[in-house]
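Chemist: Sequence:
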Amino acid sequence: MNTFEEVLNLVTELSVDQQELLISILQRRIADMRRKELASSSQEALAEFRTGNLKPQTAIEAIAELRTYLNNNET
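According to UniProt numbering, the sequence shown holds residues 1 to 75 in order.
Just to be clear, a hint being listed does not mean it is correct.
[To be verified] Ranges between beta-carbon positions, derived for each pair:
hint : residue 1 : residue 2 : range
1    : Ala45     : Asn9      : 39 to 45 Å
2    : Glu74     : Leu26     : 31 to 37 Å
3    : Pro56     : Glu20     : 44 to 50 Å
No lab work stands behind these hints, which were simulated from the structure alone. Backbone N, C-alpha and C fix where the C-beta goes; we use that ideal spot for every residue, glycine too.
Hey, can you work out the whole structure from these sequences and the hints?
Modeler: As structure tokens, this is what we get:
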């Protein structure tokens with residue numbers, strides 16, 4: 001396994017066009033990974049809701065709960 005610094009050194013040996021292509025590929029892969037994570041998280045939340053572990057809330061209730069959570073967990 002290469003270290004981060006080794007990978008950076010390898011990338012600098014590529015042409016500028018190849019570096020730009022690599023950036024584009026990595027951005028697409030990262031976006032795809034984030035989409036998959038979001039889909040997985042959404043499926044888990046939906047399963048919890050269907051089993052009764054989550055209660056229905058209005059947007060106002062959800063925002064108020066989020067604000068309370070954030071205010072209580074500030075460091």
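Chemist: Run every hint past the structure and note whether it holds.
Modeler: Each hint tested on the structure:
Distance hint for alanine 45 and asparagine 9: a CB-CB separation of about 42 Å, consistent with the stated range 39 to 45 Å. Checked against the hint of 31 to 37 Å, the pair glutamate 74 and leucine 26 passes, with Cβ atoms roughly 34 Å apart. Distance hint check for proline 56 and glutamate 20: the Cβ-Cβ separation is about 47 Å, which falls inside the suggested range of 44 to 50 Å.
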